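Visitor: Got chain A sorted already, so can you dock chain B onto it with the hints?
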Amino acid sequence: MKTLSDAPSEPSESLLKRRLRRFRGLRRGYYSFLILVTAYLLSFGLPFVMGRQALVVHYDSQWYFPAFRSYFYNTFGIGNRGLYLAKTFEQTDAEGKRVLGQADYAALKKQFAKQDNGNFVLMPLIPFGPNQQSLDQKGNPPYPPSWQHWLGTDDRGRDILVRLAYGFRISISFALVVTGISYMVGIAVGATLGYYGRWVDMLGLRFVEIWGSIPFLYTVIILASLLPRTFGLLAGILATFGWMGITYYIRGEVYRERSKDYVAAAIAVGEGHTSIIFRHILPNSLTPVISFAPFAIVANITSLVALDFLGYGLPPPTPSWGELIGQGKENIRDWHLVVFPLVAMFLTLQLIVFIGEAVREALDPKTYSRLR
Amino acid sequence: MSDQPLLELRNLVVSYAVWGGVFRHKVGEIRAVDDISLTLRSGETLGLVGESGCGKSTVAKTILNVVREMAPGVELGGEIRYHRERGAVNLLELRQRAMRPFRREIQMIFQDPFASLNPRQTVGQIVDAPLRIHTNQTAKERRERIRWLLERCGLQGSYIGRYPHEFSGGQRQRIGIARALAVNPKLIVADEPVSALDVSVQAQVINLMQDLQDEFGLTYLFVAHDLSVVHHIADRIAVMYLGKLVEIGEADAVYHHPKHPYSKALLSAVPQPDPNRSRAKRQLLEGEIPSPLNKPSGCVFHTRCPIAEPDCSIKVPPLEPKESGQEAACPYV
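One line per chain: the protein sequences are A and B, in this order. Just so it is clear: in the first sequence, position 165 is 165 by UniProt numbering, and no numbers are missing. Just so it is clear: in the second sequence, position 147 is 147 by UniProt numbering, and no numbers are missing.
Rather than coming from a laboratory, the hints here were simulated on the basis of the structure. Don't take every hint at face value.
[To be verified] Stretch by stretch, here's where chain A covers chain B in the computed footprint (C-beta under 8 Å, at least three residues):
{"hint": "1", "stretch": "104–115"}
{"hint": "2", "stretch": "125–135"}
[Said to hold, decoys possible] Derived Cβ-Cβ restraints for the label pairs, each shown as a range:
{"hint": "3", "chain 1": "A", "residue 1": "Ser-275", "chain 2": "B", "residue 2": "Ser-291", "range": "32 to 42 Å"}
{"hint": "4", "chain 1": "A", "residue 1": "Met-184", "chain 2": "B", "residue 2": "Pro-290", "range": "46 to 56 Å"}
{"hint": "5", "chain 1": "B", "residue 1": "Ser-158", "chain 2": "A", "residue 2": "Phe-216", "range": "52 to 62 Å"}
Everything numeric in this text was worked out from a predicted model, so none of it was measured. Think of the CB as a built atom: it goes at the ideal place given N, C-alpha and C, for glycine as much as any other residue.
Only chain A is shown next, with the shape it has when bound in the complex (with noise of 0.2 Å):
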């Protein structure tokens, strides 16, 4: 039997492959996207680049590192109430971490700087944490920026700078998980209206649309105004009115591989319904999914903040950019309460298009169609 020679040249390479490599080829997106998640995974390290506990206290020639376990005050031989913290044991503070009556580093470095037998605190490049207040400058908050607090403080006298960067880890990780779970819920339920048609996918999609029509923003006030505002249910409440947008795309998709002869020569050859959902129609139903993914996390973000700004989001005290921005409308004289917020929005929001406007381009089926 003779063997064809018009065999493909390079290497074999799979849609997906194919798909990373145009996308790694597409800069502005690209970049974006290493920027974006290595911000994200560097802001887990937030608290060793802005916080109130200490890297570092040397103290009685013995080395101590408060950022990464708590300290009695004591240990650092100190009785004078107001070096520490927490004023009862076992208090925690606004990320939840216990505060055995830690020491309030700032001022012991103030006092081994004044004592100057040798010890010594090596506090965080930003030695603020996001809930704490700096009450000590003249005048009343909010302070606006200055060699202290770069970008100011807000009304009850936190660094604004600190908060913002809490408040994007807040914001990216609420983004992701509102949009993991509306698109699982999205992609299951469409998926099974366009695998199963006919009723159920008549009744299914009247549901839909019914569950559609209920004003969104609305009922999360209502739900968050009767119900304890967690990040947990917050986010349950966005996923649960956010999930319809990607199904109709979900079942379009579904509906239209399902007729392809691929999924008939499935049936044929013997595969289960759960083989043919997951092996099959569901890998080839997935582009728009992802496409439309960033923007989705871009909606959230966006939604995240209106709920802050509103008062209707996340409880205080946490570092939110809605509730900043809220505070400037309150405070319509201070503009750094206005603007750093907004410009932190817009460059995340900017950098999240830019990543989803490469994806789309890199999922495109056609070359020539491609915005440049």
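Guide: Leaving out everything else, chain B in the frame of chain A:
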């Protein structure tokens, strides 16, 4: 080839409901396959021809029970009797799970080599599917088998890790053939396997299919609309029009001496490559093929038939033997 029947269609009816109106009620039905009976003998190639929309692909897909899975709500009637050593089974009665053992013996080749291979799977995964489902072989044994199959179908064994989009149409169709061949089936239903290929590649694929038939003793149901291709490969030819079988017989008899007026018209439409041959005999049909939603009464062909008699619109003509050996559904020839 023997006279042993392998597959028998008995009064097969496939009809799709047509839904419409405000309340989505059934407003009509399309009988894509209307009361077809034919027998496929073990080891032969039966060519099923007809113009597009006549139901020939539906016949192919119904045999593998694909129609019911792909178009839930389709109504099926009649019997598809598959003959095994221990007696015959009606495939139409079987659900997907019960059908599985028979899928090992009946495989299918699809028309569109671009749509019939999952673009996300490698050639190896595609050809592996029947082996994975129907055999207990280890991954290594299956891999060996896949390489052997690819080479047997004229591809390189090293293509195993490649994706369908890296191949040409003819190569893809060879992948489809390798998949159909994987579990040593007895019957291969080929649904227009070469219609989407260009002529030189058609010849290669047809020759491959013939070689494989000789080597493995396969039986083919070969669906096509190209009569010269069918005449080349088939032992017998069946002609369909609007869901009805109008003529069936030995390939030479049907090809050279068609009896039914529709077969005659179909054959006279085959392009003649020889410009010196007379075209006087060409017989063109008038009008369009009627809507399958609203089929003519009596003989479905009477609206376009050059020799129609008044009672053609009343009586449904049965298939009856003609002198050149074939059966045709027309009493006036």
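Visitor: CB of A:Ser-275 to CB of B:Ser-291, is that within 32 to 42 Å?
Guide: With a Cβ separation near 38 Å, A:Ser-275 and B:Ser-291 satisfy 32 to 42 Å, so the hint holds.
Visitor: Closer than 8 Å, Cβ to Cβ, for at least three residues: run that test on the stretch 125–135 of chain B against chain A and report holds or violated.
Guide: holds (count 4)
Visitor: In this structure, is the beta-carbon distance linking B:Ser-158 and A:Phe-216 contained in 52 to 62 Å?
Guide: holds (54 Å)
Visitor: Kindly confirm whether 46 to 56 Å is satisfied by the beta carbon distance between A:Met-184 and B:Pro-290.
Guide: At roughly 49 Å between Cβ atoms, B:Pro-290 and A:Met-184 fall inside 46 to 56 Å, so the hint holds.
Visitor: Does the stretch 104–115 of chain B contain three or more residues whose Cβ lies closer than 8 Å to a Cβ of chain A?
Guide: holds (count 7)
When each numbered hint is compared with the structure, no violation occurs for any of them.
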